[in-house]
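Colleague: Given next are the chains, with one letter for each unit.
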Amino acid sequence: MKKKSRRRNTKNLLDRIDQLKTADIGKSNMPSSTQAIYQGLKRAGINFVASVPCINLQELLALVSGDPDIIHLPVTREEEGVGLCAGAWMGGLRPALLMQNSGLGNSINALASLDMLYGIPLLMIISQRGSKGEPVIGQVPMGRITVPLLDAMNISHFSPQPAQAQETVEQAWSLASAGRRPVAVLLDLEFWRGI
Amino acid sequence: MKRIEAIALAVEAAAACGALLVCNIGYPSRELFSVKDRPENFYMLGSMGLASSIGLGLALAQPERKVMVLDGDGSVLMNLGTLATIAHHAPENYLLVILDNCCYGSTGSQPTCTKLGTDLFALAKAAGAKNVREVLRVEELAPALQGPGVVIVKVEEGNADVPIISLLPEEIIERFIRCARLVLPSGKSRP
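Going line by line, the protein sequences match chains A and B.
Numbering follows the working numbering, with no gaps: position 24 of the first sequence is 24.
Numbering follows the working numbering, with no gaps: position 102 of the second sequence is 1102.
Same shape as in the complex, but just chain A (with noise of 0.2 angstroms):
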């Protein structure tokens, strides 16, 4: 790519990321879906995200990615992302992972081993494919046993609507942080389409 264009292309995302980080809930044509969770993350005091990326994510990630009071790190896996996240929670930080709901698979060891047993707080902002309306059949084994795996995990868990993500991500924090441990919010494909 040439260093104009580059340069343009990088403009053009930062003006975005402003964009989105104005945009009040329901008021623009930013996703609201995206900016119920953003604000729910700022109003808890996330400070440090590890992620793997979601389709479904995209947009929330540009965000944290953008924001100056978040470290954000993405990793190579999941599993990598709980161990950063009870790092940085040691450390004094509020960490959250962003995933989609098959990197709940490759972590279980560790929320069950690490965050479970030392009480270390976790707030996972879970992209739930494998739910009503998936187009791709791969994702529907891991989307059948979500729920059930973090019921056998005694893992709370919130499926919020758009209008109450924000408080819904708010309270999740606060549940995780107060009784050290690991909590879920699951956001399916009809959240991102916001209904």
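No lab work stands behind these hints: they were computed from the structure.
Every residue, glycine too, gets a C-beta built ideally from N, C-alpha and C.
Just to be clear, a hint being listed does not mean it is correct.
[As the list claims (entries may be wrong)] Simulated coverage check for chain B against chain A, where a stretch passes if three residues somewhere in it have a Cβ under 8 angstroms from a Cβ of chain A:
(1) 1037 to 1047
(2) 1077 to 1086
(3) 1142 to 1150
(4) 1158 to 1172
(5) 1176 to 1184
Following the hints, complete the assembly by docking chain B onto the known chain A.
Modeller: This is chain B only, laid out in the frame that chain A set:
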């Protein structure tokens, strides 16, 4: 060199600069506990593979503190992506020490692929890490532990005859976070 000798030198170096020390699960943590227990030691009792990641999160949260991680060949191979993450995101206060005994020492010394020639030094370099050192002899270790980066230490197979750690998980973490949070954590925008 024996692994417990390497651990003794590492904890001495950590104590000398007040570093937070995250130690891998199994015999390495037991050996560390018996050589020199200190509240700044975090002993892993589970989550094999995540020592380097826990240490990285700590180092990012506490840029004023040195953070040292004692990891092993088997556990790094379990979380190989960590080398790429560390190569590009580890701060200057982070040191990863991989004690490579070419086997799963805590489960009966089954060989890992480093025994067959997998080269962790080359892997760390190829992942993009800039400051990678390899230590073969005990007298080379203390200088190699100075400064940030990744140090691969070749150690002998076998465990010292040491007892299990007599602390509960909550005791390990409570005293550790009291030490780790002596300084307020950093935000990204901190000057």
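Colleague: Determine for every hint whether it applies to the structure shown.
Modeller: For each hint, the structure was consulted:
1. With a cut-off of 8 angstroms between beta carbons, the region 1037 to 1047 of chain B has 5 residues touching chain A; three or more are needed, and the interface restraint holds.
2. Three residues within the 8 angstroms Cβ limit are the bar, and the region 1077 to 1086 of chain B against chain A gives 5, so the coverage statement holds.
3. A stretch counts as covered by a chain when three or more of its residues have a beta carbon under 8 angstroms from one of that chain; for the region 1142 to 1150 of chain B and chain A the count is 0, and the coverage is violated.
4. With 3 residues having a Cβ less than 8 angstroms from any Cβ of chain A, the region 1158 to 1172 of chain B passes the three-residue criterion, so the hint holds.
5. With 5 residues having a beta carbon nearer than 8 angstroms to a beta carbon of chain A, the region 1176 to 1184 of chain B meets the requirement of three or more and the stated coverage holds.
When the structure is compared with the earlier hints, a violation turns up for hint 3 alone.
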